[in-house]
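Colleague: Using the hints, position chain C against chain L.
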Amino acid sequence: MTPSLRRHAIGVVAAVLVVAALFILLVFAVRGQRGLGYEPAAVHATTGARITLGAYPDSMACHGSGGGPHPDWVTYCPSTTIKVPAYSTVTVTIDQYDSATTLHNAFFARVRGTVGGRMTVNGRSMTQVTPDAAGHTFTIQTPPNTNESQLFVSVPLLGVPDNAPNVVTINGNKYPRPNVIVFQFRTGSPGTYVWHCYIPCGIGLAGDGIGGQNNFGGPMATTGYMSGTITVV
Amino acid sequence: MADGSPTTEAGQPKDGEPRHVRRVLKIWAVLSVICVAVVILLGTIVNETTGSSDAAFAKLTNVLFTAMAVPVALFVWVFVGYSVVVFRERRGDRNVDEFEDGPPLQASPRQQIAWLVVTGALAIFLVGWGMVGFYKQTTDPPAKPLVVQVTGQQWLWTYDYPSLGVQSNVLELPLGRPVQFRVTSDDVLHGFVIDALAVAMDANPGWWTTAPTVTPNRLGNFTTRCVELCGLYHTYMWSPVKVVTGSQFNAWVNANRRFPSS
Numbered sequence: 001m002t003p004s005l006r007r008h009a010i011g012v013v014a015a016v017l018v019v020a021a022l023f024i025l026l027v028f029a030v031r032g033q034r035g036l037g038y039e040p041a042a043v044h045a046t047t048g049a050r051i052t053l054g055a056y057p058d059s060m061a062c063h064g065s066g067g068g069p070h071p072d073w074v075t076y077c078p079s080t081t082i083k084v085p086a087y088s089t090v091t092v093t094i095d096q097y098d099s100a101t102t103l104h105n106a107f108f109a110r111v112r113g114t115v116g117g118r119m120t121v122n123g124r125s126m127t128q129v130t131p132d133a134a135g136h137t138f139t140i141q142t143p144p145n146t147n148e149s150q151l152f153v154s155v156p157l158l159g160v161p162d163n164a165p166n167v168v169t170i171n172g173n174k175y176p177r178p179n180v181i182v183f184q185f186r187t188g189s190p191g192t193y194v195w196h197c198y199i200p201c202g203i204g205l206a207g208d209g210i211g212g213q214n215n216f217g218g219p220m221a222t223t224g225y226m227s228g229t230i231t232v233v
Numbered sequence: 001m002a003d004g005s006p007t008t009e010a011g012q013p014k015d016g017e018p019r020h021v022r023r024v025l026k027i028w029a030v031l032s033v034i035c036v037a038v039v040i041l042l043g044t045i046v047n048e049t050t051g052s053s054d055a056a057f058a059k060l061t062n063v064l065f066t067a068m069a070v071p072v073a074l075f076v077w078v079f080v081g082y083s084v085v086v087f088r089e090r091r092g093d094r095n096v097d098e099f100e101d102g103p104p105l106q107a108s109p110r111q112q113i114a115w116l117v118v119t120g121a122l123a124i125f126l127v128g129w130g131m132v133g134f135y136k137q138t139t140d141p142p143a144k145p146l147v148v149q150v151t152g153q154q155w156l157w158t159y160d161y162p163s164l165g166v167q168s169n170v171l172e173l174p175l176g177r178p179v180q181f182r183v184t185s186d187d188v189l190h191g192f193v194i195d196a197l198a199v200a201m202d203a204n205p206g207w208w209t210t211a212p213t214v215t216p217n218r219l220g221n222f223t224t225r226c227v228e229l230c231g232l233y234h235t236y237m238w239s240p241v242k243v244v245t246g247s248q249f250n251a252w253v254n255a256n257r258r259f260p261s262s
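These protein sequences, in sequence, are chains L and C. For the first sequence, position 181 matches number 181 in this note's numbering, and the numbering has no gaps at all. For the second sequence, position 178 matches number 178 in this note's numbering, and the numbering has no gaps at all.
Hint data in this document are derived by calculation from the structure and do not stem from the laboratory. Even glycine gets a Cβ: it sits at the ideal position worked out from N, Cα and C. Fair warning: there could be bad hints in the mix.
Unchecked claim - Distance windows between CB atoms, simulated: (1) G11/L to Y82/C: 19 to 27 Å; (2) M131/C to I10/L: 25 to 33 Å; (3) I40/C to A14/L: 21 to 29 Å; (4) P85/L to G206/C: 40 to 48 Å.
The shape of chain L in the complex, shown without the other chains (with noise of 0.2 Å):
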């Protein structure tokens, strides 16, 4: 081998070498990933086949001392990572602190997918709720292309009226009476979905300006917050 081709072969093989370890390290990076967006350590996993949730104002109630990042954002406590069990009904409770938001979408202002087609607040059956009285939603959601079961929940939220005097204290802070709302359904087989409030009641950020379609950001588009994961397992 002629001290050129000798040259040329190391060359190569160095070459190879660098782009095969940028590629093992990005694999890992992308491993490393945990979850689909910012999760606050704060949040643990909800488990079981009866999942209760309350729906807040604001961060005060579970996203640390001071609310967190974002004390303001609206946020669902204690967990949005919520597990439960394959092939069984699962029955929520939401307990609702928080006011109405005019929903842009009249869709999401029925019941669907729920056992009957049906949820209680505070103890009266419904199946919808006129679309300015809704405060959000839980919406299940199946990612595509997936052997998962089909699985599509969404609860409308009845919100609170807006003088409720304050009169209960989590955490130190007060909050209203939370209209309580429970729904159940029935899961398949195990596999990962997502949730997600449907009704716009984050800031700015994505649509702003656009014909008043605003507030669909900041907590809206964060896990942790008012989007989620469900495990069935």
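Modeller: Frame of chain L, contents of chain C only:
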């Protein structure tokens, strides 16, 4: 110098010098035949099943245009590759000081005309093909298509059938009935696409965009997807599309009509 190789004054190739252009054309012809065959085969296998005549036309267009582009691309690549390999400066061929220009290229009217005719014909064919496709999509639309209002929202598609009083997150369509999609967005720009039906349009916030009617002609399950990067769960923004018989569609409508609030 008919084929670009060095020739004598009598027009014959110099001793031992191959006819390069002829060799290049032979390589190009063989590769073109092979690659066009592969494109046609793969295009038939890989593309999604078509569920409407428009989708079948789009699939044919995709395969045909790719097959036509392959020889053109190969024409360039083979000439460049051949030149790089055959005409490279070899170690020991000559000293650096002896580098000299190659023979000057002379304009060949016949070659220029041939190039213009071939590329011009290709371009005119592509324009004509597109106009035929557009004409087929837009001329003589059905009088009363089934209107489906599509709303994109981070990160879900919802479907409103205003004439039927149905809202759904699943797109259910009757076989053989013309459908017109009216698409909008509640927040940011989304892209509404059903590959199997050749439907693709932007969902613009604050605006309704109407697509040409499409008639599903195949029963089956397909999918919609969003093709504009729209945020955290963009990859989750899809929904099932079910093309069903007329009676199945009517049953679905009856089961999903809005009912009075309780």
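Colleague: Compare the structure with each hint and give your call.
Modeller: Hints, one by one, checked against the model:
1. G11/L to Y82/C: 19 to 27 Å: 26 Å, holds
2. M131/C to I10/L: 25 to 33 Å: The hint (25 to 33 Å, Cβ to Cβ) is violated, given that M131/C and I10/L are roughly 57 Å apart.
3. I40/C to A14/L: 21 to 29 Å: 41 Å, violated
4. P85/L to G206/C: 40 to 48 Å: 43 Å, holds
This entry does not satisfy hints 2 and 3, going by the numbered hints stated previously.
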